[in-house]
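2 protein chains.
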Amino acid sequence: MTPDPALLSLNVATVRAQWSLEQAIDGCARHGIGWIAPWRDKLAECGVARAAQLIRARGLKVSSLCRGGMFPAADAAGRRAALDDNRRAVDEAAAIGALCLVLVVGGLPPGSKDLAGARAQVKDGIAALLERARAARMPLAIEPLHPMYAADRACVNTLSQANDLCDALGGGVGIAVDVYHVWWDRELAAQIARAGRRILGFHLCDWLVPTTDLLLDRGMMGDGVIDIPAIRRLVEAAGYVGPREVEIFSQNNWWKRDPDEVLRVIKERYAAAC
Amino acid sequence: MTPDPALLSLNVATVRAQWSLEQAIDGCARHGIGWIAPWRDKLAECGVARAAQLIRARGLKVSSLCRGGMFPAADAAGRRAALDDNRRAVDEAAAIGALCLVLVVGGLPPGSKDLAGARAQVKDGIAALLERARAARMPLAIEPLHPMYAADRACVNTLSQANDLCDALGGGVGIAVDVYHVWWDRELAAQIARAGRRILGFHLCDWLVPTTDLLLDRGMMGDGVIDIPAIRRLVEAAGYVGPREVEIFSQNNWWKRDPDEVLRVIKERYAAAC
Numbered sequence: 001m002t003p004d005p006a007l008l009s010l011n012v013a014t015v016r017a018q019w020s021l022e023q024a025i026d027g028c029a030r031h032g033i034g035w036i037a038p039w040r041d042k043l044a045e046c047g048v049a050r051a052a053q054l055i056r057a058r059g060l061k062v063s064s065l066c067r068g069g070m071f072p073a074a075d076a077a078g079r080r081a082a083l084d085d086n087r088r089a090v091d092e093a094a095a096i097g098a099l100c101l102v103l104v105v106g107g108l109p110p111g112s113k114d115l116a117g118a119r120a121q122v123k124d125g126i127a128a129l130l131e132r133a134r135a136a137r138m139p140l141a142i143e144p145l146h147p148m149y150a151a152d153r154a155c156v157n158t159l160s161q162a163n164d165l166c167d168a169l170g171g172g173v174g175i176a177v178d179v180y181h182v183w184w185d186r187e188l189a190a191q192i193a194r195a196g197r198r199i200l201g202f203h204l205c206d207w208l209v210p211t212t213d214l215l216l217d218r219g220m221m222g223d224g225v226i227d228i229p230a231i232r233r234l235v236e237a238a239g240y241v242g243p244r245e246v247e248i249f250s251q252n253n254w255w256k257r258d259p260d261e262v263l264r265v266i267k268e269r270y271a272a273a274c
Numbered sequence: 001m002t003p004d005p006a007l008l009s010l011n012v013a014t015v016r017a018q019w020s021l022e023q024a025i026d027g028c029a030r031h032g033i034g035w036i037a038p039w040r041d042k043l044a045e046c047g048v049a050r051a052a053q054l055i056r057a058r059g060l061k062v063s064s065l066c067r068g069g070m071f072p073a074a075d076a077a078g079r080r081a082a083l084d085d086n087r088r089a090v091d092e093a094a095a096i097g098a099l100c101l102v103l104v105v106g107g108l109p110p111g112s113k114d115l116a117g118a119r120a121q122v123k124d125g126i127a128a129l130l131e132r133a134r135a136a137r138m139p140l141a142i143e144p145l146h147p148m149y150a151a152d153r154a155c156v157n158t159l160s161q162a163n164d165l166c167d168a169l170g171g172g173v174g175i176a177v178d179v180y181h182v183w184w185d186r187e188l189a190a191q192i193a194r195a196g197r198r199i200l201g202f203h204l205c206d207w208l209v210p211t212t213d214l215l216l217d218r219g220m221m222g223d224g225v226i227d228i229p230a231i232r233r234l235v236e237a238a239g240y241v242g243p244r245e246v247e248i249f250s251q252n253n254w255w256k257r258d259p260d261e262v263l264r265v266i267k268e269r270y271a272a273a274c
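Keeping their order, the protein sequence lines are chains A and B.
149 is the number that our numbering gives to position 149 of the first sequence; each next residue is one higher, with no gaps.
198 is the number that our numbering gives to position 198 of the second sequence; each next residue is one higher, with no gaps.
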């Protein structure tokens with residue numbers, strides 16, 4: 001069964017080099033894409049209230065706000081600043097009616113080699129953020145990132161780890177499953193089933209062979225080696241019925257193309273390769 | 001406690017851009033490095049018998065031969081060819097007196113998205129190789145590679161997976177622990193303890209931040225974020241008393257330096273950062 005076109009969402013990072021948030025909102029409306037996922041930098045450029053108004057006016061829904069997180073810091077002042085920033089992110093996510101706030105949890109503080117310590121800081125940071133998130137009824141979606149980002153972006157690197165965090169932290173926190181980060185994991189099926197209704201988002205792109213850059217060489221669905229339909233079926237079997245965000249960082253390919261072409265290709269590939 | 005200098009080994013890949021195997025053998029002898037680990041391409045250039053003679057003449061020992069593996073293939077003929085090549089690798093490892101043959105097991109066959117199938121092919125391939133390996137008394141060292149290599153180099157990506165393979169395959173097969181591939185894994189301590197006497201090799205380098213290339217931007221020990229002494233203590237606590245191979249692929253830094261300088265820095269860092 002092909003995926004429901006009404007659930008397709010554009011993560012604005014996919015056209016971040018070409019479009020402002022206003023342009024991305026217009027683009028989604030023009031191409032019949034019903035969902036959008038802004039990043040905070042573009043949201044700030046647009047203005048939160050104005051973005052909320054434009055999104056409503058175009059009849060779009062917001063699959064997520066990217067991103068909170070980056071909890072670990074070298075000292076208590078740094079951790080407090082990160083927490084303050086995350087509270088603002090919760091408020092912004094609520095203001096635009098996002099289904100969740102995605103958390104890219106952060107890696108090692110500068111100069112540190114203490115990965116276990118960073119992981120403890122992440123747990124403490126999410127725990128501290130939960131009061132605000134629960135008050136705002138804004139679910140927090142922990143996104144496990146590929147292990148190649150453990151040092152500098154996210155020290156939560158598997159679904160197993162994210163599930164354990166959810167077990168420990170209780171209500172108000174769930175998981176964003178991005179095929180790019182989890183496709184290699186032999187526990188994939190078991191941990192998606194374990195996540196169940198915790199799954200708050202499902203992100204699509206592809207793993208290219210070769211991959212020429214650790215961050216900015218993601219592929220369009222179908223151009224790489226990930227069995228995306230298989231992962232989609234796992235996520236659906238776990239009970240997830242929400243939007244599917246296309247999020248492609250691609251400095252040498254998709255970020256250089258006409259964004260209207262990018263959106264056309266996304267719709268084709270969503271139907272044919274997801 | 002600092003690591004034993006008598007256990008330091010040079011993996012020839014660390015100076016592969018500058019030196020032939022003969023030059024690397026001479027270099028180790030000149031710098032008082034007692035162990036060496038050739039790669040098969042350099043070994044073929046030198047000639048196996050001649051390399052064995054030179055290594056003996058210089059009083060060196062061979063920590064491993066790199067590498068067998070690459071088992072998955074698109075068809076039965078491809079798998080047979082891989083197995084034949086691996087049998088030759090076993091013989092070469094025996095001829096130079098290597099402690100083990102390192103297996104980089106291979107990833108997805110071209111065009112395939114079936115990671116579970118590739119993993120099954122790896123298991124079958126090692127099982128088929130074991131007869132020759134046992135007859136030659138040549139231990140096979142499965143090297144779990146970082147998940148970023150799952151598609152194109154090795155679909156065994158965690159120590160947990162390597163331990164399960166060893167459980168299934170029985171005697172004659174063990175594990176090579178490379179800090180670069182496993183440092184991020186939250187099961188690291190538990191899986192090293194589980195591996196115990198299965199550990200056949202311990203490889204050193206460092207994870208740089210940022211990392212500019214997925215394959216060829218490894219760091220010198222101490223220049224990155226890996227807590228190498230902590231991992232060494234785990235490996236030693238598990239019962240490993242063998243050599244420690246320094247294996248650094250570094251196209252823009254160490255491969256461009258005078259290899260005598262590289263060996264001097266390796267000795268310093270081995271004492272100070274491992």
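One or more of the hints may lead you astray.
Label-pair distances were calculated between CB atoms; the ranges are [unchecked claim]:
{"#": "1", "chain 1": "A", "residue 1": "170", "chain 2": "B", "residue 2": "233", "range": "34 to 42 Å"}
{"#": "2", "chain 1": "B", "residue 1": "17", "chain 2": "A", "residue 2": "252", "range": "22 to 30 Å"}
{"#": "3", "chain 1": "A", "residue 1": "167", "chain 2": "B", "residue 2": "56", "range": "53 to 61 Å"}
{"#": "4", "chain 1": "A", "residue 1": "229", "chain 2": "B", "residue 2": "91", "range": "39 to 47 Å"}
{"#": "5", "chain 1": "A", "residue 1": "117", "chain 2": "B", "residue 2": "22", "range": "43 to 51 Å"}
{"#": "6", "chain 1": "B", "residue 1": "120", "chain 2": "A", "residue 2": "233", "range": "15 to 23 Å"}
{"#": "7", "chain 1": "A", "residue 1": "32", "chain 2": "B", "residue 2": "233", "range": "32 to 40 Å"}
{"#": "8", "chain 1": "A", "residue 1": "117", "chain 2": "B", "residue 2": "213", "range": "46 to 54 Å"}
{"#": "9", "chain 1": "B", "residue 1": "23", "chain 2": "A", "residue 2": "167", "range": "54 to 62 Å"}
{"#": "10", "chain 1": "A", "residue 1": "2", "chain 2": "B", "residue 2": "17", "range": "43 to 51 Å"}
{"#": "11", "chain 1": "B", "residue 1": "111", "chain 2": "A", "residue 2": "5", "range": "45 to 53 Å"}
{"#": "12", "chain 1": "A", "residue 1": "2", "chain 2": "B", "residue 2": "236", "range": "32 to 40 Å"}
Here are the computed lysine-lysine pairs in the DSS-like style, where the Cα-Cα straight-line distance is at most 30 Å [to be verified]:
{"#": "13", "chain 1": "B", "residue 1": "123", "chain 2": "B", "residue 2": "42"}
{"#": "14", "chain 1": "A", "residue 1": "113", "chain 2": "B", "residue 2": "256"}
{"#": "15", "chain 1": "B", "residue 1": "267", "chain 2": "A", "residue 2": "113"}
Hints listed in this document are in silico derivations from the structure and should not be mistaken for laboratory results.
The C-beta atom is built at its ideal place from N, Cα and C for all residues, glycine as well.
Verification of the hints:
1. 170/A x 233/B: 34 to 42 Å: 35 Å, holds
2. 17/B x 252/A: 22 to 30 Å: Given a distance of about 26 Å, which is inside 22 to 30 Å, the answer is holds.
3. 167/A x 56/B: 53 to 61 Å: 57 Å, holds
4. 229/A x 91/B: 39 to 47 Å: With Cβ atoms ~44 Å apart, the hint holds.
5. 117/A x 22/B: 43 to 51 Å: Given a distance of about 46 Å, which is inside 43 to 51 Å, the answer is holds.
6. 120/B x 233/A: 15 to 23 Å: The hint (15 to 23 Å, Cβ to Cβ) holds, given that residue 120/B and residue 233/A are roughly 20 Å apart.
7. 32/A x 233/B: 32 to 40 Å: With a Cβ separation near 58 Å, residue 32/A and residue 233/B fall outside 32 to 40 Å, so the hint is violated.
8. 117/A x 213/B: 46 to 54 Å: 28 Å, violated
9. 23/B x 167/A: 54 to 62 Å: 55 Å, holds
10. 2/A x 17/B: 43 to 51 Å: 49 Å, holds
11. 111/B x 5/A: 45 to 53 Å: Given about 28 Å between the Cβ atoms, the range is violated.
12. 2/A x 236/B: 32 to 40 Å: Because 54 Å falls outside the window, the suggested range is violated.
13. 123/B x 42/B: 28 Å, holds
14. 113/A x 256/B: With a Cα-Cα distance of about 27 Å, the restraint between residue 113/A and residue 256/B holds, given a limit of 30 Å.
15. 267/B x 113/A: 22 Å, holds
Hint check: violations occur at hints 7, 8, 11 and 12; the rest are consistent with the structure.
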